[in-house]
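These are the residues of each chain, in order.
There are 2 protein chains.
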Amino acid sequence: MNTLEAIMTRHSYRGKYKSISVSREDLIKIMAAGLAAPSGCNKQTTSLIAVDDPAVLEKLHKVIRPAAGETAPAMICVLARRIIAYRDKCFAVQDYSAAIQNMLLAAVELGYESCWYEGHVTDTDRIGDQMAQILGVPEEYELICYLPIGVAEEEVRGPKKKEFAERAWFNGFPEELK
Amino acid sequence: MNTLEAIMTRHSYRGKYKSISVSREDLIKIMAAGLAAPSGCNKQTTSLIAVDDPAVLEKLHKVIRPAAGETAPAMICVLARRIIAYRDKCFAVQDYSAAIQNMLLAAVELGYESCWYEGHVTDTDRIGDQMAQILGVPEEYELICYLPIGVAEEEVRGPKKKEFAERAWFNGFPEELK
Numbered sequence: 001m002n003t004l005e006a007i008m009t010r011h012s013y014r015g016k017y018k019s020i021s022v023s024r025e026d027l028i029k030i031m032a033a034g035l036a037a038p039s040g041c042n043k044q045t046t047s048l049i050a051v052d053d054p055a056v057l058e059k060l061h062k063v064i065r066p067a068a069g070e071t072a073p074a075m076i077c078v079l080a081r082r083i084i085a086y087r088d089k090c091f092a093v094q095d096y097s098a099a100i101q102n103m104l105l106a107a108v109e110l111g112y113e114s115c116w117y118e119g120h121v122t123d124t125d126r127i128g129d130q131m132a133q134i135l136g137v138p139e140e141y142e143l144i145c146y147l148p149i150g151v152a153e154e155e156v157r158g159p160k161k162k163e164f165a166e167r168a169w170f171n172g173f174p175e176e177l178k
Numbered sequence: 001m002n003t004l005e006a007i008m009t010r011h012s013y014r015g016k017y018k019s020i021s022v023s024r025e026d027l028i029k030i031m032a033a034g035l036a037a038p039s040g041c042n043k044q045t046t047s048l049i050a051v052d053d054p055a056v057l058e059k060l061h062k063v064i065r066p067a068a069g070e071t072a073p074a075m076i077c078v079l080a081r082r083i084i085a086y087r088d089k090c091f092a093v094q095d096y097s098a099a100i101q102n103m104l105l106a107a108v109e110l111g112y113e114s115c116w117y118e119g120h121v122t123d124t125d126r127i128g129d130q131m132a133q134i135l136g137v138p139e140e141y142e143l144i145c146y147l148p149i150g151v152a153e154e155e156v157r158g159p160k161k162k163e164f165a166e167r168a169w170f171n172g173f174p175e176e177l178k
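Residue numbers (the numbering used here), protein chains in the order written: chain X, 1 to 178; chain Y, 1 to 178.
So here's chain X without its partners, still in its complex pose:
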């Protein structure tokens, strides 16, 4: 699969996963893809914890409410550090988003599906903090997202999106949309 195919094929997958395990080799490839993303002023604010131990997965899923991705045999937790790049500028959100996008594409390339669960864990009930505690994550790291990783059991379908011409233009903003 080439890059453009992976990009156009990738969709957020919220269905069930097959009980086929994900090899350490593949988890390393996916995480290495995440770490290869650019970061503002090369601050590398993103860190990752892959979870493939069923006992740890079970503990994590006990605090994730509502349940999401609970049938996946592996998960990658994304940790952010709010490091200042320069003056008052912090690019941690951009950094982890680029890293997540790389991992979602790498997963598709390797035959897996995933989904970017962020609002789910960073919302007012702070599920991410409970997950961080289970994983022994120090306070300077924030667990901001997790990605289930596994082979899809159901059909993968994307949401309806706007047409290209509604979101992309050449050499200026189109008069007719002003």
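Simulated from the structure, these hints should not be mistaken for lab results. Just to be clear, a hint being listed does not mean it is correct.
Copies of the same chain look alike in the list, so a pair counts if it fits in one copy or across any two.
[Unchecked claim] Below, computed lysine to aspartate or glutamate pairings styled on EDC-like, alpha-carbon distance capped at 20 Å:
1. K29 / E5
2. K29 / D52
3. K89 / E142
4. K160 / E175
Given the structure of chain X, go ahead and fit chain Y onto it with the hints provided.
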């Protein structure tokens, strides 16, 4: 090139570009890759303007100080709308970051180089606002980044990064790093 190769090959390119034009077909492929990125609650907050008209490029580069990517024959400007996904949650930064990462990878796949210039245009001198004015962008859109697109004239080299084991772990945060 498969996805993992593109991900590992991509680096921020700040050198000169060759005077080889970028076809509209390729610019459309790159932008379509950007629009295919996920967005929080599918709000599709990211829009794009590709610039390949030399007169418009010249106008834009007159306001970009210090100069960056000025020899590239094309550029993609990234526009964000701060749309609320739910309650008070806005994922516009995550949305455009995923879109940018997709475009950087698509560019590499197609033989081009690029660089994520964001702090450069969103900083206190608000260069992005001047660029938006040149492109006739309405006020509800913020021009937050531009990507030069072109064929590299110089060698592409990445920055030194931390080792995998310093940023990625399995089943818990490592005791020795606490």
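Could you work out which of the previously given hints the structure breaks and list their numbers from low to high? 4
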